[in-house]
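Visitor: Chain by chain, the residues:
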Amino acid sequence: MLAWTIYISFAGAAGMFLLPRESLRAPRVLALIAALAGLLVAVGGALRHSAVGGVVTLIKLPWIPTLGADYFLAADGISLTLVLLTGLVATAGVLFSWNIELRPREFFAFYLALIGGVYGVFLSFDLLLLLVFYEIAIVPKYFLIAIWGSTNREYAAMKLALYSFVGSALVIAGLVAAYVVSGAETFNLLELAKFEYPREFQLWAFPLVFVGFGILAGLWPFHSWAPTGHVAAPTGASMLLAGVVMKLGAYGCLRVAMTLFPEGLAAWRDVIGVLAVIAIVYGALVALVQRDFKFVVGFSSVSHMGFVLLGLATVTTLGLSGAVLQMFSHGILAGLLFGVVGRMIYDREHTRDLEQLESRQLSRMLPFAAVTFVLAGFASMGLPGFSGFIAELYVLIGAWQTFPKLAVIAGVGIVIGVAYTLRAIQKAFYSGNELPSPARLPAEHGDSAISLPEKVGACLLIACTVGVGLYPRVLLDWIVPSFNSPLFDGLRKGAGL
Amino acid sequence: MDYPGLIKLLAPECLVVLTALGVLFADLKFWRGLPSRQRFGRGVALATVGLLAAALFAGMGEKSADLLLGTLVLTRVSQFLKLVLLLLTLGTVWLCSDADFTDHVGEFLALLLLAATGMMLLISTENLLMIFVSLELVSLSLYVMTAFNKRSSCSAEAALKYFLFGGMAAGFMLFGFSFLYGLSGSIHLPDIAVALRTKGSDPLAMAAIVMVLAGFGFKIAAVPFHFWAPDTYDGAPAPAAAFIASGSKVASFFILATLLQAGMPGAAGSGAWNAFVPGWMPIVAILATASMVFGNLAALAQSSLRRLLACSAIAHAGYALLAIMAEPADAKPALLYYVTTYALTLVGMFGLVSVVEGGNGDDSMGQLAGLSQRSPLLAACLSVFGLSLAGVPPFAGFFGKFYLFVAVAKSGPTLSSFWLVLVAIAMSCVSLYYYLQVLKQAWVAIPVEGSVPARASRPLVLVVSLLALAVVLLGCVPELLLRFLR
Chain A
1 MLAWTIYISF AGAAGMFLLP RESLRAPRVL ALIAALAGLL VAVGGALRHS AVGGVVTLIK
61 LPWIPTLGAD YFLAADGISL TLVLLTGLVA TAGVLFSWNI ELRPREFFAF YLALIGGVYG
121 VFLSFDLLLL LVFYEIAIVP KYFLIAIWGS TNREYAAMKL ALYSFVGSAL VIAGLVAAYV
181 VSGAETFNLL ELAKFEYPRE FQLWAFPLVF VGFGILAGLW PFHSWAPTGH VAAPTGASML
241 LAGVVMKLGA YGCLRVAMTL FPEGLAAWRD VIGVLAVIAI VYGALVALVQ RDFKFVVGFS
301 SVSHMGFVLL GLATVTTLGL SGAVLQMFSH GILAGLLFGV VGRMIYDREH TRDLEQLESR
361 QLSRMLPFAA VTFVLAGFAS MGLPGFSGFI AELYVLIGAW QTFPKLAVIA GVGIVIGVAY
421 TLRAIQKAFY SGNELPSPAR LPAEHGDSAI SLPEKVGACL LIACTVGVGL YPRVLLDWIV
481 PSFNSPLFDG LRKGAGL
Chain S
498 MDYPGLIKLL APECLVVLTA LGVLFADLKF WRGLPSRQRF GRGVALATVG LLAAALFAGM
558 GEKSADLLLG TLVLTRVSQF LKLVLLLLTL GTVWLCSDAD FTDHVGEFLA LLLLAATGMM
618 LLISTENLLM IFVSLELVSL SLYVMTAFNK RSSCSAEAAL KYFLFGGMAA GFMLFGFSFL
678 YGLSGSIHLP DIAVALRTKG SDPLAMAAIV MVLAGFGFKI AAVPFHFWAP DTYDGAPAPA
738 AAFIASGSKV ASFFILATLL QAGMPGAAGS GAWNAFVPGW MPIVAILATA SMVFGNLAAL
798 AQSSLRRLLA CSAIAHAGYA LLAIMAEPAD AKPALLYYVT TYALTLVGMF GLVSVVEGGN
858 GDDSMGQLAG LSQRSPLLAA CLSVFGLSLA GVPPFAGFFG KFYLFVAVAK SGPTLSSFWL
918 VLVAIAMSCV SLYYYLQVLK QAWVAIPVEG SVPARASRPL VLVVSLLALA VVLLGCVPEL
978 LLRFLR
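Here the protein sequences come in this chain order: A and S. If you're matching positions, the first sequence starts at 1 in this note's numbering and goes up one per residue. If you're matching positions, the second sequence starts at 498 in this note's numbering and goes up one per residue.
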């Protein structure tokens, strides 16, 4: 059933071209239907399969017998979490893209194709299939940014496409080598995970694949595509980029690199831990001095993804679960933050410069935007009651057990996170004169009040972060048992999980 | 074997030759007075009938035979490839359906069909003389087809360059063949293989290998024998360029792989990193690496679509050469899947180029600006072809490359040829940049003021869309093609 998330998205993308060319409304509605259907299937499938625990096979057909590749879709708790995240962010993203008027058919076609690829990656347990979906997700990003983007869009789009493609090239190299060395003539992840690769091989194959996927996860120092890409992208695409595409990278690191090469991980985990902490602190520090509002959020993404990678590097059940939960949490929050900045503020004020926004008294003009941003900001700072808190706590406790020093530095990163979030909130919403300047009365905003789709999208995401924050077991009950499945035997043995 | 039996085996070739003569005759006798567009239309219709009939015979005919010292060797794979060549010819013929670059319609189509005959003979032989003769039939037809646009001086220049390089290359190849004959006393590939097993590292054998590879290096446009390619692709009429890039490539690669793997297994040597052993492997490895690196880097600097395709053809020749180094069981399927899908893509690309050029022969990338607004279908086809060439799934080019990488990585001792895969992967990242530049024109750039919707004749749009569909289908379900190639 979960496999339908993929088919619905691609069908929606193809269906766009059957719509009349001039219509503005039809593409939106079709996109919303497709995204919502995907979300419902994701929720239904998650509820149905989460009870089982372990890896649930959805479909398995011979695909390319010559190479031993199967059309093999399956899910475990980690996939379920991320599929659910994709459904949520995709739906919210369509709602926040309600005002697209330039070539809407093509916009939503690329948008849905991207979503389909993302669902596919999260559900593939055949590595060749995973790779195919992974690359399918790259190209639509390029067009979404290059056609509908803002600041420096063509540069940012090309940079993002090339970084992604280099990443997947590294992954291909690693996979070809892994396939040949195993000699098993299969790409089935469950089979390959049982194979014990020679240690010398793992030592170079692991970094190849990990960095390949890590590029998309914003692994420092290969993160620089992320802020420029996020900033240039149109709102819906930013939400997807930060919300789910970066998760593809982190998911690949966990699902492929770490599962196949546990000894390589054991040898390189310190390096990864250090890089992750650098990303946390560096991303936060850079976010602290940005003038462009979107860059603040963009660099905060790099910082928060650092927590994911730190969690992965701990290789404790606690840290890994925290990493997966952080993927979910950051996906929701980044979507929300980009929605506020890109759609609610930029589309109305036509500037993202914090210095200029200071004088516009947005808390009065756009109270809904202000409240949403404050909530999202608090959540991403890691305030208790929101999903970010529990995720980062898990990661930090996990890190404390393995690398105490790094855990302390990451803690400092959280403090800087509080600083840049508060600075952004204060500058964008709560500064300027107490009295509204005569030229900018609320009435002027009458026709551009926050629209219903925006409100629905924002409430959906806020509800998720609060829900998971108050009752994290709803996801942890899926995530934690997944790490006990036979798939992670190698990881448990090789790296002492 | 008696004559009727022979003709039965060669029925597809005979039918194509008859069609060529038929088109020539009909054009001369009945269509003289018509405008050239109409003559092309009728010629294409006649050729289509002939090619489809030939394809029917190729599909139903005998699946295995070995006659007269390997002069005619039919296998399941070569028969299937014949079918592929016929379809590629059909696609190329349809590209002419709206052409008006020449008044000599019958001659052009007849030459095209004769070249196709040469290709079909080329892939069904294991005999040095027959290889050479059919290769010359292909080459000579293609030289003349290149020169057919008499209104453009570029066409003549392209043909002359192609011819001079080609003549030189043919000389080298024949010289190499004579050495092989001298060493083994036979022109039959299996006999040569037996003789070379004991004389594998004989200096004469090495000289023969170098010369044969120089000759084939020209046919497939591998560095350093590639200089003709950009000018020829640029100057030739679109159908001629498409045929040079598609059918001729498929046939040449097939026979090169047969020649090296069936004829000289004893002189293979090794192209493993830091462990070169003299033989054809290291030479092929060097040709492949040089082609991939040069082709992709040179393509970065191109602003003309045809030249870009030429540079990318050089790069793709490099990838395809890699497959020849794989283990024999993998080599042919990997190579044939790769070149077949590549050929389909290129016929489609040249179809698009001829649409984009309109009447004025300007093939700069700017001509594509706003294609997605002017003709969404053609823009979608362009994206399929471009992304397939770049090796992006779910298009055929991705799986072609991937299978090839796996096949090469598997050959020899564990991962000894992996360096070639690394070079290939790195270079395919470079290639994404320039293919995206093309797609950027079509999707992102704003249409030039006053530009009209891209006009294209129905058959042309049909053939381009069918090819794009094939590229998508073969990419999603590669087994459709693979099961015929093993």
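If you are wondering where the hints come from, they were derived from the structure by calculation, not from laboratory data. Incorrect hints may appear among the rest.
[Stated by the list, open to error] Think about it this way: if two alpha-carbon atoms lie no more than 27 Å apart in a straight line, the pair counts; the simulated DSS-like pairs of lysine-lysine are:
#1 Lys937(S) with Lys159(A)
#2 Lys194(A) with Lys405(A)
#3 Lys907(S) with Lys60(A)
It should be emphasised that the depicted structure is a prediction, and the values quoted were computed from it without experimental measurement.
Visitor: Each hint needs a verdict: does it hold in this structure or not?
Guide: Hint check results:
1. Lys937(S) with Lys159(A): holds (14 Å)
2. Lys194(A) with Lys405(A): Violated - the C-alpha atoms of lysine 405(A) and lysine 194(A) are around 34 Å apart, more than 27 Å.
3. Lys907(S) with Lys60(A): holds (26 Å)
The structure shown violates just one earlier hint, number 2.
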